[in-house]
Structures are given as C-alpha cells and as structure tokens.
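Trainee: Listed below, chain by chain, are the residues.
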Amino acid sequence: DAGVIQSPRHEVTEMGQEVTLRCKPISGHNSLFWYRQTMMRGLELLIYFNNNVPIDDSGMPEDRFSAKMPNASFSTLKIQPSEPRDSAVYFCASSPTLLAANTGELFFGEGSRLTVL
Amino acid sequence: AQSVTQLGSHVSVSEGALVLLRCNYSSSVPPYLFWYVQYPNQGLQLLLKYTTGATLVKGINGFEAEFKKSETSFHLTKPSAHMSDAAEYFCAVSGFQGAQKLVFGQGTRLTINP
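Chains A and B supply the protein sequences, listed in that same order. Going by our numbering, the first sequence runs without a break in its numbering and finishes at 257. Going by our numbering, the second sequence runs without a break in its numbering and finishes at 115.
Just chain A, same shape as in the assembly:
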C-alpha cells in the first residue's frame, strides 16, 4: 500500500521565490497534518485539516504561509515569498481520524527538504 507521498523531496530556491509543497495522504484517511522540522525548533505542527477543512492553523508562522486541501487526496503548503529562515524539512502526515491521530495513528511522509538561499 502506498504511504503518504510528498513532493518535491528536495527544493532549493532563492529568497523571494514562491515555493509549493505537495502531499497525497493515505487513501481513506480523513485528517492531514503539516509539520516543520528544524534543528533549532524541532518538530512543529503548522496546520491540520479534518475532512478537507482547516481546523487549527495557529502554528502557521506568518501570512507568507498558506495551506489548502481542495480534496481528500491532495494538499499543498505554499510559502510566498520565501525567506532563508524558512529552510527546513516539511513533513505531511495523515491519520484515519483526528481521534486516531491523538492515539498515535499518524503516518508520516518522507518529507520535503527546503533550502532557501
């Protein structure tokens, strides 16, 4: 079975450019999470969706970040304009339900490593 699929795996861009990260959750999973991992701050939850609806975006660092989930099989995280401090590994994770996520049934993709020069 396919797991959570993220693209691109690596992205190098210049400051000021728009970056779009993509995620395909596991089929049948109703909850989707975007995390950011950095050496300084560890793993941070940016936003999560339930049934394609954003539930909590309080972790989104600023207005330059936006996330959408137009359907159950696709989500995007966009940074515009990008800055060097956005360099991090961005993980997408999905879960059958929010309750399942709370009990550890959280399935992570392999991450998108973003470098902003």
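The set of hints was computed from the structure by calculation and includes no laboratory data. Since we're looking at a predicted model, the values are computed, not measured. One or more hints might be untrue.
To be verified - The calculated DMTMM-like cross-link candidates involving lysine to aspartate or glutamate, where the alpha carbons are at most 20 Å apart (straight line), are:
{"#": "1", "chain 1": "A", "residue 1": "Lys218", "chain 2": "A", "residue 2": "Asp197"}
{"#": "2", "chain 1": "B", "residue 1": "Lys59", "chain 2": "A", "residue 2": "Glu245"}
{"#": "3", "chain 1": "B", "residue 1": "Lys50", "chain 2": "B", "residue 2": "Glu72"}
{"#": "4", "chain 1": "B", "residue 1": "Lys50", "chain 2": "A", "residue 2": "Glu245"}
Given chain A, put chain B in place with the hints provided.
Mentor: Leaving out everything else, chain B in the frame of chain A:
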C-alpha cells in the same frame, strides 16, 4: 496544555548495551504518550504508545516504555542495543479527547558504537 522534555539531545551507547532515553511530560489532562522513531531521510514512525491500561508498553524492535504518573515520565528502554537502532527518537504527548494535537519533544539522537 501539554509539553514534553527529552533529557539529552544525544545519547551514545555500545552495541549490546542498555538503551535508556528519557522523557518527562506535563499535561493538564490524563495523557496519551508516544515514542516515535525517525531513521535518516525518512519520516517518523510510531514505536509504541500508552493510552490506558498497563503502564509498561512494548513496541517494535524490542523497545519498551513505562508510564510513571508519579514521576510524570515515560522513559524508553531496550535491553541490548543493535546497530540498526541508530536513529532519532521523539517522545510525544496528547490529550485523550477532542482534537488535541500531538506535542513532540525536541528529539534524542541515538548513536550505537560498535
């Protein structure tokens, strides 16, 4: 609100030695506790979890953890380390109801010496 503190960002043990990774938590509600493992260039995967019931929980690859409410701890152990255990380990906590999100610790990088 919940929080997690992992003591030691790096732990190094010899192959065959005991592995002990420390985790303390803070939670305003009865906690659900987790250990996740991240191998290089991969996402996190669930190693084991405590929700209710038995306080000693066993996970994959011979790992186990014990929930100690009086000490607010959930330390991860393995009796004998293997080279393949080298990875980063994350302790996490969540609440037991509602849409409370997992809160992760900063992670502990485990190195195994031959």
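Trainee: Go through the numbered hints given earlier and state which of them the structure violates, listing their numbers in rising order.
Mentor: none
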